[in-house]
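Asks: Each chain, letter by letter, is given below.
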Amino acid sequence: MTSSLGSPIRTRHRRVASEPLRAVLGLLMLGALTLAVAACSAPRARTAAAAPPPGAQLDRADVLWLDRVGFGIDTPELTRFERLGRARFLAEQLRSSAAALPAPIAAQIQSLAISHLNLPATLADLERERRAIRFMASGVERQQARQELNRQGNELAYQAMRRELLRAVYSPAQLKEQMVWFWLNHFSVHQYKGDLRWLVADYEERAIRPNALGHFRDLVLATLEHPAMLEYLDNRHNALGHVNENYARELMELHTLGVGAGYTQEDVEVLARVLTGVGINAGPAPRLRGELRALYVRRGVFEFNPARHDFSPKILLGARVQGRGLAEVENAVTLIVREPACAQFISRELATYFVADDPPPALVAAMARTFEETDGDIAAVLRTLFLSRELDTALGGKLKDPMRYVISAVRLAYDDRPISNARPLIGWLRALGEAPFDRQTPDGYPLTESSWSSPGQMSRRFEIARAIGRGNDHLFDSEDQTIPRTAGFPQLSSRLYFATVEPYLAPRTRATLGQAESAPEWNTFLLASPELNYE
Amino acid sequence: MSETITRRRLLTLAASSLATCGVAGRLYAAPAQGPRFLLVFLRGGYDATNALVPFSSSFYYEARPHIAIARPDPAAVSGALALDADWALAPALRDTLGALYARGEVAFVPFAGTDDLSRSHFETQDSIELGQPSGTAHDYRSGFLGRLVSALASGQSPPPPPIAFTDALPLAFEGPIEVPNLSLRDGGAPPFDARESQLLAAMYAGRPLESAVASGLELRQQVAAAMAAEMRAASRNAINTKGFELQAERMARLMSGTYRIGFVDVGGWDTHVNEGAQEGALAANLSGLGRGLTTFASALGSEEWRNTVVVVLSEFGRTFRENGDRGTDHGHGTVYWVLGGAVRGGRIAGEQVRVARATLFQDRDWPVLNDYRGLLGGLFRALWGLSSARCQQVFPQTTPLDLGLV
Numbered sequence: 006m007t008s009s010l011g012s013p014i015r016t017r018h019r020r021v022a023s024e025p026l027r028a029v030l031g032l033l034m035l036g037a038l039t040l041a042v043a044a045c046s047a048p049r050a051r052t053a054a055a056a057p058p059p060g061a062q063l064d065r066a067d068v069l070w071l072d073r074v075g076f077g078i079d080t081p082e083l084t085r086f087e088r089l090g091r092a093r094f095l096a097e098q099l100r101s102s103a104a105a106l107p108a109p110i111a112a113q114i115q116s117l118a119i120s121h122l123n124l125p126a127t128l129a130d131l132e133r134e135r136r137a138i139r140f141m142a143s144g145v146e147r148q149q150a151r152q153e154l155n156r157q158g159n160e161l162a163y164q165a166m167r168r169e170l171l172r173a174v175y176s177p178a179q180l181k182e183q184m185v186w187f188w189l190n191h192f193s194v195h196q197y198k199g200d201l202r203w204l205v206a207d208y209e210e211r212a213i214r215p216n217a218l219g220h221f222r223d224l225v226l227a228t229l230e231h232p233a234m235l236e237y238l239d240n241r242h243n244a245l246g247h248v249n250e251n252y253a254r255e256l257m258e259l260h261t262l263g264v265g266a267g268y269t270q271e272d273v274e275v276l277a278r279v280l281t282g283v284g285i286n287a288g289p290a291p292r293l294r295g296e297l298r299a300l301y302v303r304r305g306v307f308e309f310n311p312a313r314h315d316f317s318p319k320i321l322l323g324a325r326v327q328g329r330g331l332a333e334v335e336n337a338v339t340l341i342v343r344e345p346a347c348a349q350f351i352s353r354e355l356a357t358y359f360v361a362d363d364p365p366p367a368l369v370a371a372m373a374r375t376f377e378e379t380d381g382d383i384a385a386v387l388r389t390l391f392l393s394r395e396l397d398t399a400l401g402g403k404l405k406d407p408m409r410y411v412i413s414a415v416r417l418a419y420d421d422r423p424i425s426n427a428r429p430l431i432g433w434l435r436a437l438g439e440a441p442f443d444r445q446t447p448d449g450y451p452l453t454e455s456s457w458s459s460p461g462q463m464s465r466r467f468e469i470a471r472a473i474g475r476g477n478d479h480l481f482d483s484e485d486q487t488i489p490r491t492a493g494f495p496q497l498s499s500r501l502y503f504a505t506v507e508p509y510l511a512p513r514t515r516a517t518l519g520q521a522e523s524a525p526e527w528n529t530f531l532l533a534s535p536e537l538n539y540e
Numbered sequence: 002m003s004e005t006i007t008r009r010r011l012l013t014l015a016a017s018s019l020a021t022c023g024v025a026g027r028l029y030a031a032p033a034q035g036p037r038f039l040l041v042f043l044r045g046g047y048d049a050t051n052a053l054v055p056f057s058s059s060f061y062y063e064a065r066p067h068i069a070i071a072r073p074d075p076a077a078v079s080g081a082l083a084l085d086a087d088w089a090l091a092p093a094l095r096d097t098l099g100a101l102y103a104r105g106e107v108a109f110v111p112f113a114g115t116d117d118l119s120r121s122h123f124e125t126q127d128s129i130e131l132g133q134p135s136g137t138a139h140d141y142r143s144g145f146l147g148r149l150v151s152a153l154a155s156g157q158s159p160p161p162p163p164i165a166f167t168d169a170l171p172l173a174f175e176g177p178i179e180v181p182n183l184s185l186r187d188g189g190a191p192p193f194d195a196r197e198s199q200l201l202a203a204m205y206a207g208r209p210l211e212s213a214v215a216s217g218l219e220l221r222q223q224v225a226a227a228m229a230a231e232m233r234a235a236s237r238n239a240i241n242t243k244g245f246e247l248q249a250e251r252m253a254r255l256m257s258g259t260y261r262i263g264f265v266d267v268g269g270w271d272t273h274v275n276e277g278a279q280e281g282a283l284a285a286n287l288s289g290l291g292r293g294l295t296t297f298a299s300a301l302g303s304e305e306w307r308n309t310v311v312v313v314l315s316e317f318g319r320t321f322r323e324n325g326d327r328g329t330d331h332g333h334g335t336v337y338w339v340l341g342g343a344v345r346g347g348r349i350a351g352e353q354v355r356v357a358r359a360t361l362f363q364d365r366d367w368p369v370l371n372d373y374r375g376l377l378g379g380l381f382r383a384l385w386g387l388s389s390a391r392c393q394q395v396f397p398q399t400t401p402l403d404l405g406l407v
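Here the protein sequences line up with chains A and B, keeping their order. Here the first sequence is numbered in the numbering used here, starting from 6 and rising by one per residue. Here the second sequence is numbered in the numbering used here, starting from 2 and rising by one per residue.
In isolation and in its complexed conformation, chain B is listed as follows (with noise of 0.2 Å):
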C-alpha cells in the first residue's frame, strides 16, 4: 500500500475530514465504519498468575505462602470469583471484568506469549510490538500495528485512522504511514480555546504543515471537550476518577469518532518486592485497570461496544513461586485477556495444560502454548477479513490461531 498511500497523503485525507466536519461534528458523528481495536500494553509484566487464579493447583498455594490468593468462596459476594472448576479472578477484578466474563464480553487466554527468553523487559517489549519473526535482526522501523494499518489500508480508501494514546509514537506503530499520538494522562485545563487554536492554525495556512498542525490542535480540542464531559459526569455522579480510568474515558469518545486503531499503555507492575493478595500493590493496580477497562465499555455505548475488540497484554507473566520479598520476578507465559460486545467470551480460550509444578516452564514460570502472533494474527483476520497475503504482511511467518472469539 505505501506506492499507494504516502505517509503525507494520508495525513492530509485525515485532516481534511477533520476540517470539514469541527469539534463537536467530529465527536458525535455517526462513527466511520469498520470494527475498532485498542491494544493495552501492560508494561512490567503483571503478575497473571494472581489475576486469573489458578485455584484448583495445590501447587500455586505451595509456591506462594504469602502472597496467594484465597480459594473463591461461591457464597461470598467478595473475595476472587470462580469462573470455571479450575480459574477465578482475583477480587480486584470481581466487579469490573467479573461482570464483563458474565455477559460473555470478555474471554481470558492463558499459557499466552513470546517465544522471546531474554526475561528482559526492554528486550521483550520491543520483540513483541516489533513483531518480527523470531531470529531474526529487528527492524525498528516496522512494528506490527504499523504493518496493520498498512495491510488495511487498499487503493485510494485510507486505512483506519490509528492513534496512540502516548507521548511517544510506540514501537509497535512504526511504518511508513504517520500515527498522531497524545497522551491522555495528563488532566489540566486544555492548553489552547477555540480562538486561540484557530489564530495558531491560522499562520501554517498554505504552508507544508497545514494539515499536522490542524489535527493536532483538533486532537487537543477534542480532548478538552472530553475532559468537559468528564467533569460533567463527575459532578453528576460524584465519582473521582482518576488514573487509567479517567484515559479509558477520554480513549473512548476519542475512538468513538474517528480513530479505530489504538494503542495505550499502563505502568507499575513490575511487582518484585510486596506484591499483595487480596490487597496491595498489585490488587490497586489491576482494580484501576478493571475499571478503566469497564468504563471504556460503557463510554462507547452498547451498540459501539459491539463493533470493538481490547487485547490486554504484557511482555512476560512472573515466576510462579514467591520470592524472597513477597514479590515475584521476570517470567514466561502470562495471560491476555480479549474483551468486547461481540466477543465471543464467557471462558478461557486458547492451549491449556494443567497447572503443576510438572508443568512449569524450567521449573519457575508459566509455559507459552499460544504465540501471540498467532493469537492477534487470527483475531485481525477475523475482524477484517484479512486474506492470508495480509495476515503475513501483518505477522509475517506466522500461522493466525482460530481461537474463535470474534
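The following block holds chain A by itself, in its conformation from the complex (with noise of 0.2 Å):
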C-alpha cells in the first residue's frame, strides 16, 4: 500500500508524460485514490502509515490557523511553520521582508511591461495618443486607432491582476499578500474607470504593497497621493470654486473613520475643501507666481497645484487644520486617523475579514487599543489578532470569500509548482465576482459571507472545482494560449493532504470521497467539500 501511495507523489513534478506513460500513471492514481478513499474510512494509525513521511500530521487548529494567515497551505510553508511554530512563524510573517518569490515566478513577473513602466512617459505618451486620436478623420483609421489604446490599457491591466494573483499563489510571504489584496479592496479601485486600466499596476507596486504590514497613516497618504485614486474618485478635478465631494466623503466613509463615525456633512465639506488643488498633471507644470510657486508639489504625475486649492482657515472634525497647502492635506489626514473612531474601524475591518462576520467586540477593542497604542502600526494590530483566543475560537467557521477559496485550490492542488498561464485564475475569479481591480464601486468587496453564498455562486465554486480536478483548467498552457498543455489532473492525495486536509475530514466528506468512481471525481468532491470552503 505505502509503495501504491508512494509512487505518484514521487511523479507528481512530472510535467509532461508521453502518452502510455500517463494511461500507467492514471492508472496508478486510481489505484492510490481507491487506497486513500479506503484509508480514510481505515483508523488514524492506518492512514498515517500510508501518508510519507510518516508523523508528517499538523494539529487541526495549527492548520486552521495556517489557512488563515495565508490563502491555503502549501508545502513550503508547511515545511516552515513546522519548524518555527506559531508565534516565530508570525513574527516572520510580519516582518515585510519575508522570503523572495521562487524563481520561476519571479521571473515571469520580471517580463511583464508592468514591472518597467515608467508612469508619467506612459501618461503623457497616452494624452498625445487621445489627441492625435481627436484630430483623425473619422474612418478605419481613427477606429484602429483606438482598438490599439484599448488593446493596450487591456494589456496593462490584465498584466496588473495576473502579477496580483501570481504572487497570491506563490509569495511564502503569505500574510503580506493577504494585506495587499485587504487594502486593495479597501481602497477600492476600478480599472475600467477612466484611465485606470494603466494604473492599477503601479497603484498596487508603489501605493499599497510597501504600506500592506506599515503605518496606517502613510498607506492613507500612499493612496492619497497616488493618480489611481485621484482619478477613480475624482479629486483631480476639486478645485477651489468647483468643490467635487466625492473623495472626501469616501476617505472618511470608506477608508478611515466607516459611516456613522460621528462626522458631520460639513466635516465632508471642509475636507473637500483641504483636498482642493490635489491632483494629476502628466505634462508640464503650471506659471505660478511667487509665494504659490513655492507651495507647489510635483512627485511623478501627482500634483498639488496651489493655484486651485483653497486657502482659507479650516475647522475639520472640531479642530483647527494647521499647515498650509500640501502640509494642510497631511495635517488632516493625521487628525483624521488618530480619531478613535479611525482605531475601531480599521480593527473591525479587519477581524471581519480574518476572524468572523460578526467578531467579537473584546477582540476589536484589543485591536483597537494596540492600533492607538502604536499610532496605526498595522503589523502590531494584526499580532493582536492572529495570537489572541478569539481567533482561535472562531476557526474552521469562516466561508472562504471567491478569492481565498480559488487561490487555496490552487496552492493545494499545484503546490508550489508554478502555473504559466493565469487566464483561467482571472476568469473564475470574475465568474465568482471577485476579480482584482473589478469591483465597479469604491466600498469594495463584501468582507462578510452572505455575498458569496448565493446559489448560483456556490454551483460556480462547485464548477470551479471540477475543472481543477479534471486538470482541466488550462493553467499549464502557454501564456499566450497558442500552446493547450495537457497537465493531467492533479494529484491531489499528496503529503500535504495527508499532513493538513485527511486528518479532519468530516464524516459525510468521507462518504461523498468513498463514493467517487474516478481519480478526478474525487479531486472534484475534495476541492468542493466544507472542509476547503471554509477555513
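Hints in this document: simulated from the structure, not taken from any laboratory. If you're wondering where the values come from, they're calculated on a predicted model, not measured in any experiment. Treat the hints loosely; a few may be bogus.
Simulated coverage check for chain A against chain B, where a stretch passes if three residues somewhere in it have a Cβ under 8 Å from a Cβ of chain B [claimed, not checked]:
no., stretch
1, 427-439
2, 445-456
3, 508-518
Glycine included, each C-beta is placed from N, C-alpha and C at the ideal position.
Two chains, each in its own frame: build the complex with the hints.
Replies: Here you go:
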C-alpha cells in the first residue's frame, strides 16, 4: 500500500508524460486514490502509515490558523511552520522582508511590461495619443487607433491582475499578500474608469504594497497621492470654486472612520476644501507666482497645485487644520487617523476579514487599543489578532471568499509547481464576482459570507472545483494560449493532503469521497467539500 | 418586510420548496400563483430610431442618409412593417415583434427613458438599475427590483421568487433579499449529473449552506433538463438556436416553474460605427432579440404567457442623426417595449411628440417624455395591485404612470 501510494507522489512533478506513460500513471493514480479512499474509513494509525513521511500530521487548530494567515497551505509554508511554530512563524510573516518568490514566478513577473513601466512617460504618451485620435478624420484608421489604445490598456490591466494573483499563489510572504489584497479592496479602485487600466499596476506596487504592513497613516497618504485614487474618486477635478466632494466623503466613510462615526456633512465639505488642488498632471508644470510657486508639489504625475487650492482656514472634526498647502492635507489625514473611530473601524474591518463576519467586540477593542498605542502600526494590530483566543474560537467557521477559495484550491492542487497561464484564475474570479480591480463601486468587495454564498455562486464554485480536479483548467497552457498543454489531473492525495486535510475530514465528506468513481471526480468532491470552502 | 423575512429565511423557504418537488416535479409542477415579470436590459444603448422607425418624418431620412430604414411598402411581405401612419417596425423585427403586435401582445413606448444626462453607459445603467430619485447620492445596496421583491414580501409569505440570468447579481436586484443568479449563456454539458449533485449536496447536509448548495445544484440540474429538452426540440425542428434565443428558451423553462421575477441583459448595442440599416450589425442583433422574445412567449405556452409581462429597455437612445462613421452616438430618449399575453398592446403608448428637428432634445436626441420610474411603477402597481406606499418603496418620489398597458 505504501509503495503504490508513494509512487504518484514521486511522479507528481513530472511535467509532460508520453501517452503510454500517462496511461500507466493514470492507472497508478486511480489505484492510489482507491487506496486513499479506503484509508479514509480506516483507523487513524493505518492512515498515518500510508502518508509519507510518517508523523507529518499537523494539529487541526494549527491547520486552520495557517489557513487564516495565508491563502491556504502549500508545502513550503507547511515546512516553515513545522520548524517555527505559531509565534515565530507569525513574527516572520509580519516582517516585511519575508522570503522571495520562487525563481520561475519572479522571472514571469520580471518579463511583464508593468515591471518596467515609467508612469509619467506612459501617461504623457497616452494623452498625446488621445489628442492625435481626436484630430484624425473618422474612418477605419481612427477606429484602429482607438482599438489599439484600448488593447494596450487591457493588456496593462491584465498584467496587473496576473501579477497580483501569481504573488498570492506563490509568495512565501502569505500574510503580506493577504494584506495587499485586503488593502486593495479597502482602498478599492475600478480598472474600467477613465485611465485606470494604465494605473492599477503602479497603484498596487507603489501605494499599497510598500505600506501593507506599515503604518496606516502612510498607507492612506500613499493612496491619497496616487493618480489611480485621484482619478477614480474624482479628486483631480476638485478645485477652489469647483469643489468635488466625492473623494473627501469616501476618505472618511470608507477608508478611515466608517459611516456613522460622528463626522458631519460639514466635515465632508471642509475635507473636500482641504483636498482642493490635489490632482494629477502628466504635462508641464503650471506657471505660478512667487508664494504659490513655493507651495507647488510634483511627485511623478501627482500634483498639488496651490492655484487650485482653497487657503481659507478650516475646522475639521472640531479641530483647526494646521499648515498651508499640501502640509494642510497631511495634517488633516493625521487628524483623521488619530480619531478613536479610525482605530475602531480599521480593527473591525480586519477582524471581519480574518476572524468572523460579526467579530467578537473584545477582540476588536484589543486591536483598536494596539492601533492607538502604536499610532496605527498595522503589523502590531495583526499580531494582536493572530495571537488572540478569539481567533482560535472562530477557526473553521468562516466561508472563504472567492479569492481565498480559488487561490487555496490552486495551492493545494499544484502546490509550488509554477503555473504558466493566469487567465483561468481571472476567469474564475470574474465568474464568482471578485476579480482584482473589478469592483465598480468604491466600497470594495463585501467581507461577509452572505455576499458569496448564493446558490448560483456555490454551484459555480463546484464547477471550478471540477475544472481543477480534472486538470481541465488550462493553467499550464502557454501564456498566449497558443500552446495548450495537458497537465493531467492534479495529484491531490499528497503529503500536504495527508498532513493538513485528510485527518480532519467530516464523516459526510468521507462518505462522498468514498463514492467517487474516478480520481478526477474524487478531486472534484474534495475541492468542493466544506473542509476546503471553510477556514 | 426585511424585519419579518431575512435573506437567510427566504433562502431556506425557497430551498425547502425545491427539495420537496425535485427536478421534474418543479419543472412541470403547477406554477406558483401570481404574475410573472421579466426585465430585459439592452446594455450599450440600442438605436431605438432604427427599431421603431418614425417613417412619416422627412427629417428622419434627412438625418440618416446612409442608415435610414426604407419606408414601408404596404404591398410587400418584407421590409419595414407599418404599425400606424407614423411608425414602422424594422424589417429585422417584422416576423417576430410584428406578429406579436398584430395579436395585440406588444406595446411600444417611445420617448421613454431617464433624466440622467451623463450619456455615460456606466453611469446611466447604474442610475436606472438603482432607480433612486435623481439628484440623490447613489445607494449601491438598493436596486429597484430588489425593492420590488421586498415590497411584495409581506408577513409570513415569501415574495415571488426572483432570479437573475446573469453571471453577477445586477445592481437592480441589490437589496436585503438574496437573489439567485445563473447565466444561461453558456451551453455545453451539464457539469454534474444527478448522482454527483446528490453526493456534492450530501457533504453540506446539516451545515448552514445546506440550502444554498442544494438549490444551486438544483438550478443547474433544471438548466440541464431545459437543455435536454432543447436538444430534442432541435432535432425535431432542425433549427439551430443560439445566442439570446437559446437563453430565452431556458429562461421560459425556469420561469414557468418557480421563478416569478427575472432579469437578463443582452449586450452589443453600442453601434458607433457601421450600424447598418435593413441589414447589418443592428439588424442582426434585433433579429436575435426578436426571436428570443417570441421563443420566450411560445415556450411559456399561451396560458402562462397571459400571466406574464416582459419589459425591454436600454440605458439611453442614440443620436437622431447618423455620425461620420455610419453609426450613431450616445443619445437620450429611447423606446421601451412592453410585451405579454394579456398586455393591451398593438399600439404606440405613452406621451408622444411629432418627430422633427424642432422637437429634438438639445438638437440631437429624442426627448424623454415618459420617465422609466413612472412607467415601471405604473406597471408594477397594476400587475401586483401595489398600494401607494409600496409603490413609493419601489420608486421613491415617483408618481406611477397609468398607460393602461395591463
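Asks: So which of the earlier hints does this model not fit?
Replies: Going through the list in order, the structure violates no hint and respects every one.
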